[in-house]
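*Asks:* The primary structure of each chain is shown beneath.
Number of protein chains: 4
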Amino acid sequence: MFFASDNAGPVHPEIMSALAQANQGYAMPYGADEIMDQVRAKIREIFEAPDAAVYLVATGTAANSLALSSYVQPWQGIYCSPLSHINVDECNAPEFYSGGAKLVHVGPDDKMTAEALRSAVAGTVEGDVHVTQRGPVSVTQVTEMGRVYSLDELQGLGAVAKGYGLPMHLDGARFSNALVALGCTAAEMTWKAGVDVVSFGGTKNGCMGVEAVVLFDPDKAWEFELRRKRGAQLFSKHRYLSAQMEAYLKDDLWKRSAAQANAACTRLAEGLRSIDDMALRAEPQANMIFVDMPRALHQRLQQNGAKYAIWGDWQTGAPDEMLKSRLVCDWSMTDALIDQFLKIARK
Amino acid sequence: MFFASDNAGPVHPEIMSALAQANQGYAMPYGADEIMDQVRAKIREIFEAPDAAVYLVATGTAANSLALSSYVQPWQGIYCSPLSHINVDECNAPEFYSGGAKLVHVGPDDKMTAEALRSAVAGTVEGDVHVTQRGPVSVTQVTEMGRVYSLDELQGLGAVAKGYGLPMHLDGARFSNALVALGCTAAEMTWKAGVDVVSFGGTKNGCMGVEAVVLFDPDKAWEFELRRKRGAQLFSKHRYLSAQMEAYLKDDLWKRSAAQANAACTRLAEGLRSIDDMALRAEPQANMIFVDMPRALHQRLQQNGAKYAIWGDWQTGAPDEMLKSRLVCDWSMTDALIDQFLKIARK
Amino acid sequence: MFFASDNAGPVHPEIMSALAQANQGYAMPYGADEIMDQVRAKIREIFEAPDAAVYLVATGTAANSLALSSYVQPWQGIYCSPLSHINVDECNAPEFYSGGAKLVHVGPDDKMTAEALRSAVAGTVEGDVHVTQRGPVSVTQVTEMGRVYSLDELQGLGAVAKGYGLPMHLDGARFSNALVALGCTAAEMTWKAGVDVVSFGGTKNGCMGVEAVVLFDPDKAWEFELRRKRGAQLFSKHRYLSAQMEAYLKDDLWKRSAAQANAACTRLAEGLRSIDDMALRAEPQANMIFVDMPRALHQRLQQNGAKYAIWGDWQTGAPDEMLKSRLVCDWSMTDALIDQFLKIARK
Amino acid sequence: MFFASDNAGPVHPEIMSALAQANQGYAMPYGADEIMDQVRAKIREIFEAPDAAVYLVATGTAANSLALSSYVQPWQGIYCSPLSHINVDECNAPEFYSGGAKLVHVGPDDKMTAEALRSAVAGTVEGDVHVTQRGPVSVTQVTEMGRVYSLDELQGLGAVAKGYGLPMHLDGARFSNALVALGCTAAEMTWKAGVDVVSFGGTKNGCMGVEAVVLFDPDKAWEFELRRKRGAQLFSKHRYLSAQMEAYLKDDLWKRSAAQANAACTRLAEGLRSIDDMALRAEPQANMIFVDMPRALHQRLQQNGAKYAIWGDWQTGAPDEMLKSRLVCDWSMTDALIDQFLKIARK
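These protein sequence lines map, in sequence, to chains L, A, Y and E. Under numbering that gives the first Met the number 0, the first residue of the first sequence is numbered 0, with each subsequent residue one higher. Under numbering that gives the first Met the number 0, the first residue of the second sequence is numbered 0, with each subsequent residue one higher. Under numbering that gives the first Met the number 0, the first residue of the third sequence is numbered 0, with each subsequent residue one higher. Under numbering that gives the first Met the number 0, the first residue of the fourth sequence is numbered 0, with each subsequent residue one higher.
Read the hints as simulated data drawn from the structure, not as lab findings. One or more of the hints may lead you astray.
Just so you know, same-sequence chains aren't split out, so a pair can sit in one copy or run between any two.
What the hints assert, rightly or not - Keeping only pairs whose Cα atoms sit at most 35 Å apart, straight-line, the calculated DSBU-like set for lysine-lysine is: (1) Lys-161 - Lys-323; (2) Lys-254 - Lys-342; (3) Lys-323 - Lys-110; (4) Lys-219 - Lys-161; (5) Lys-249 - Lys-219; (6) Lys-249 - Lys-346; (7) Lys-219 - Lys-306; (8) Lys-249 - Lys-306; (9) Lys-254 - Lys-41; (10) Lys-41 - Lys-249; (11) Lys-161 - Lys-191; (12) Lys-191 - Lys-219; (13) Lys-161 - Lys-342; (14) Lys-323 - Lys-41; (15) Lys-249 - Lys-161; (16) Lys-219 - Lys-342; (17) Lys-346 - Lys-191.
Since this is a predicted model, take the numbers as computed values, not measurements.
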């Protein structure tokens with residue numbers, strides 16, 4: 000019963016098979032392998048972007064940091080939610096890769112509104128050498144609180160960015176979960192809404208460790224390659240990144256896995272809703288649930304082996320005090336495990 | 000007939016098996032997996048360093064950059080060969096990770112002598128705020144020209160470093176090949192010779208993509224963890240790095256693979272020596288050969304599908320002009336391929 | 000009638016004299032001049048810190064960036080007010096000098112409370128490698144909104160910092176104005192309250208361009224010197240920085256100038272209070288006034304040559320709309336100019 | 000008898016007067032002062048570059064670091080002499096300001112030849128992501144060994160740079176000394192020879208602390224301003240930089256001072272040539288002399304108060320061992336002091 004994150008489950012068997020199959024003879028290193036050619040073509044097809052530059056890296060932080068650093072100068076700001084992964088979960092990696100850009104908070108929560116973004120950008124006086132200069136907008140889809148921007152919302156943000164001539168980045172660590180939830184195309188969720196560069200996540204959705212960075216402006220390609228190498232993120236045995244991504248895209252595995260994860264989350268939410276003590280903070284929109292429950296209930300779940308994120312001390316304190324928790328389902332979550340969890344919670 | 004590098008062969012089957020076996024259920028992310036506990040214990044045992052801090056990353060450049068940045072200040076120099084990988088093959092990654100340290104060349108070639116090192120360090124005036132300050136020594140074992148430092152030579156460098164109170168780093172992308180060639184222990188080749196931090200390579204010797212960084216001073220551990228995360232080199236699904244390394248160390252696979260690669264190289268060298276047109280620059284000491292041959296011979300090999308590094312234009316020019324080449328064998332190189340190569344070369 | 004800032008007035012005649020007097024013969028460069036010896040001794044005496052390391056630089060941003068970078072790691076945060084100069088007026092210089100540290104806002108306004116600081120620090124989970132780590136606290140005295148921390152308030156912040164083992168920096172661009180306002184000693188306002196390193200400003204208080212950085216821990220000295228040189232802030236003809244600072248400290252010029260500036264501000268505030276249309280936001284505590292006034296009044300002042308900072312468009316809009324302004328007095332502000340300003344405002 | 004450097008003499012009286020004169024009333028800060036308008040116009044006139052962007056900073060290291068960082072990416076190299084000031088005397092400031100670019104040595108000595116430069120640039124394989132990429136060329140005029148590039152030599156370097164599409168920087172800490180020696184125009188020594196950006200030194204030639212950075216491409220202006228501010232090199236009381244530069248350019252003071260320094264050096268060289276024990280390494284071309292002399296002679300000079308740079312231990316060793324020394328004359332060096340020095344040397 001592991002609901003702590005979607006980064007702890009096993010690799011999807013189809014990806015393991017692809018790795019085994021790729022393990023034949025010699026392959027050109029550093030991204031010159033043939034599988035990468037297929038991956039590039041496939042991503043361009045999926046994103047309806049025949050000229051896009053496509054690169055693979057192995058961690059989400061690398062994808063975000065490299066993508067952002069290609070679009071920001073060190074004297075600029077990156078407009079983002081104060082709760083965004085780049086702000087709170089990457090140990091200053093964006094600052095490192097950008098040479099010291101500042102993350103400018105567009106608050107108050109996980110989801111930026113066009114109005115808040117416009118206000119933040121407008122608040123940066125143009126032509127004043129003293130202040131952090133305007134820079135890219137970074138949007139997280141799915142947000143850190145499990146919410147999904149609608150296409151309208153994304154377009155609204157994109158319109159503000161474009162209005163000010165600012166580039167836009169999409170942190171898509173859970174890109175597939177959002178896309179499946181919205182039932183839209185990859186193009187609609189990205190460049191059609193004004194996105195210039197995407198971190199297209201694989202790791203949280205069944206891969207071993209691979210993320211694609213998709214840059215819609217091919218003129219950014221060579222600089223990105225240099226940044227990737229300088230960032231120590233260029234793999235010699237690159238075919239094993241390619242093979243993961245190739246399998247991930249094949250037969251829509253990326254969508255199938257995301258749909259499974261989202262469905263598991265829906266099932267879990269339904270079960271939780273039927274338990275009086277469980278207070279869902281909101282309906283899940285993708286594969287994350289935020290729920291409050293009494294300490295006693297937490298204790299029971301923990302003691303029975305359930306793993307999930309809890310804020311505060313679950314061991315000591317009043318049994319009826321409500322504690323916050325986060326539950327995440329990945330593609331491998333089974334109905335049986337969910338039902339087992341719910342059974343313990345109900346008891 | 001792929002002799003271009005040891006980064007293009009397949010992953011060893013024992014490592015593929017370990018990955019498949021690790022792919023069960025959930026595992027704690029970010030290095031908290033149980034396999035990592037075994038890896039840590041095993042590396043400490045191999046290095047006879049019960050307190051060493053041990054971390055895994057996925058590229059050699061990451062291992063070197065993170066290891067060095069833990070031991071250098073941005074106003075210092077890193078003493079290294081002008082031909083070292085960190086100087087010529089990492090697109091300024093050491094400068095990036097260190098915040099702008101300078102690579103100070105201890106020339107003239109791939110192998111630093113204690114005398115040259117002493118002279119370089121002594122040439123840095125102490126207490127002069129204007130100059131690049133003294134910093135760590137970085138030694139590459141096997142060197143970029145395929146040579147292996149003897150234990151005496153390493154101890155000589157270590158003595159200079161220690162005499163000046165400077166830390167010493169070993170770039171061991173081909174650590175195993177050197178160790179097998181020397182027939183020594185890991186401790187002898189590292190801390191017993193004065194090494195403080197090692198990049199212990201796996202990728203070039205049969206792994207998919209994993210390198211261990213071993214810091215003999217455990218007080219460096221937490222800072223290293225922060226640097227690794229900030230460098231976007233911390234893997235969520237870390238168990239797949241652990242599993243590679245676990246298999247690599249099991250039953251001495253690291254030594255077996257290196258011995259195979261070195262033996263293949265010896266066989267190749269013997270064959271080449273028997274060909275008049277082939278001028279070996281030196282006896283191979285590990286798994287690399289540098290050999291000069293006439294353009295016509297190059298052309299024949301290339302046209303028959305042999306892959307290796309060549310300096311200069313092999314297609315145009317006098318047929319008897321001697322061109323330089325580098326041939327590398329990895330663990331997977333077979334006698335059959337070597338013999339096929341030699342047969343074409345002889346013809 | 001220049002109230003736009005305290006960085007635009009002339010250099011105090013005593014400082015000009017000192018520069019002329021220092022301009023004799025040769026002097027050892029890079030801080031080895033004899034005047035610097037006197038400066039060092041005098042600052043140690045003033046701060047009652049016989050071991051303090053004392054350095055001069057030429058801009059306030061340099062003082063802050065170098066001081067902070069000596070106490071922060073790039074993976075850490077710097078706790079500061081969201082309105083602090085380091086956050087909003089230095090074009091990411093602290094991020095540059097620190098190698099990418101993050102400025103963590105302790106809000107909501109210009110003056111941090113001990114409670115808000117404690118809450119921010121406590122909110123940074125210890126031992127979590129993903130988050131921005133705890134780092135130094137930076138306090139601005141006088142604040143950007145013209146307020147002065149009491150000694151109690153400073154001690155409160157210092158106690159929180161010390162409680163968590165964090166260093167504390169004081170941005171004292173207007174150090175003297177605050178000290179005169181509090182009527183305390185330099186030691187009380189710094190190390191006795193828990194401050195580890197001070198930017199002791201001269202430029203805004205009658206100097207040409209000099210700031211002292213005072214580090215109470217002498218073990219930080221050499222690293223600071225290297226940072227200063229690497230930051231291109233080490234002056235060859237250093238005696239002209241020394242001479243400014245020497246004159247600034249002589250016969251309490253630093254206090255006399257600050258007292259003049261504060262007194263001018265008091266006079267100005269009194270005058271403004273007697274004008275119905277002028278709405279002082281708060282009593283001035285040092286040498287800055289924030290006052291709201293109708294657009295018509297603004298227009299009259301501007302048209303008559305008054306210079307001060309205004310937020311918003313003073314030229315277009317309803318004449319009775321209240322606009323915000325900031326008025327600053329430096330040491331050279333005269334009663335005559337203040338009275339002239341008030342006369343125009345009253346009319 | 001101070002010949003240690005040209006950074007230790009007094010400020011020229013004309014510059015002191017200008018500072019006093021500028022010290023009237025209020026002036027717009029941060030480079031918006033009226034004197035700066037005159038400086039900008041004058042420099043454009045002198046350089047015959049009506050569109051050039053012109054900025055002032057206070058140290059030579061700042062001028063070089065900011066100029067270079069405007070023309071280099073962190074994954075590139077800066078081609079320079081291994082003896083250049085940026086390489087050996089700036090404590091990694093160029094690496095800091097550029098975010099980690101590498102200084103690539105074009106050896107073997109202080110003066111790059113077009114051939115050596117071409118060979119170095121050609122040696123950087125284009126399109127290879129692993130290597131330090133091609134970047135700007137930095138030429139030092141006067142060199143660190145006191146030599147002056149002829150216009151032909153500069154044009155030769157410029158032609159190589161332009162042939163490869165690389166920008167060229169001139170470190171002109173002693174720009175005026177070289178120009179006077181060559182008897183050429185500022186345009187000839189810079190953009191007509193292919194230079195894109197110049198550090199135009201004032202400090203070593205009679206100013207208190209001011210260097211101009213002249214960028215011939217005005218499109219670089221705004222980014223330079225941001226870099227200057229972020230580098231903490233933007234002065235609030237900027238008029239005092241402007242006033243120095245204004246006086247420096249007025250009535251050719253920059254040339255007059257340089258001519259005085261060069262003439263003093265010529266006089267000194269003539270005297271030294273007449274002393275048997277003095278072995279001039281080369282005829283002085285500007286204001287620096289490198290001369291070898293026996294230890295005994297050194298000792299006598301030192302004991303009589305002469306100051307100059309010596310390599311090695313002048314106090315201990317054989318009296319007839321030849322030691323190396325460097326003697327520099329600045330504008331303020333008098334015939335009397337030179338004669339006094341020579342008299343001691345002769346005795």
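*Asks:* Now tell me, hint by hint, if it's right for this structure.
*Replies:* Consistency of the hints with the structure:
| no. | hint | result |
| --- | --- | --- |
| 1 | Lys-161 - Lys-323 | between (38 Å within a copy, 31 Å between copies) |
| 2 | Lys-254 - Lys-342 | within (29 Å within a copy, 51 Å between copies) |
| 3 | Lys-323 - Lys-110 | both (19 Å within a copy, 31 Å between copies) |
| 4 | Lys-219 - Lys-161 | both (18 Å within a copy, 24 Å between copies) |
| 5 | Lys-249 - Lys-219 | within (27 Å within a copy, 43 Å between copies) |
| 6 | Lys-249 - Lys-346 | neither (42 Å within a copy, 46 Å between copies) |
| 7 | Lys-219 - Lys-306 | between (42 Å within a copy, 31 Å between copies) |
| 8 | Lys-249 - Lys-306 | both (32 Å within a copy, 31 Å between copies) |
| 9 | Lys-254 - Lys-41 | within (14 Å within a copy, 40 Å between copies) |
| 10 | Lys-41 - Lys-249 | within (9 Å within a copy, 38 Å between copies) |
| 11 | Lys-161 - Lys-191 | within (12 Å within a copy, 41 Å between copies) |
| 12 | Lys-191 - Lys-219 | both (19 Å within a copy, 33 Å between copies) |
| 13 | Lys-161 - Lys-342 | neither (50 Å within a copy, 48 Å between copies) |
| 14 | Lys-323 - Lys-41 | neither (41 Å within a copy, 40 Å between copies) |
| 15 | Lys-249 - Lys-161 | within (33 Å within a copy, 48 Å between copies) |
| 16 | Lys-219 - Lys-342 | neither (52 Å within a copy, 46 Å between copies) |
| 17 | Lys-346 - Lys-191 | neither (49 Å within a copy, 58 Å between copies) |
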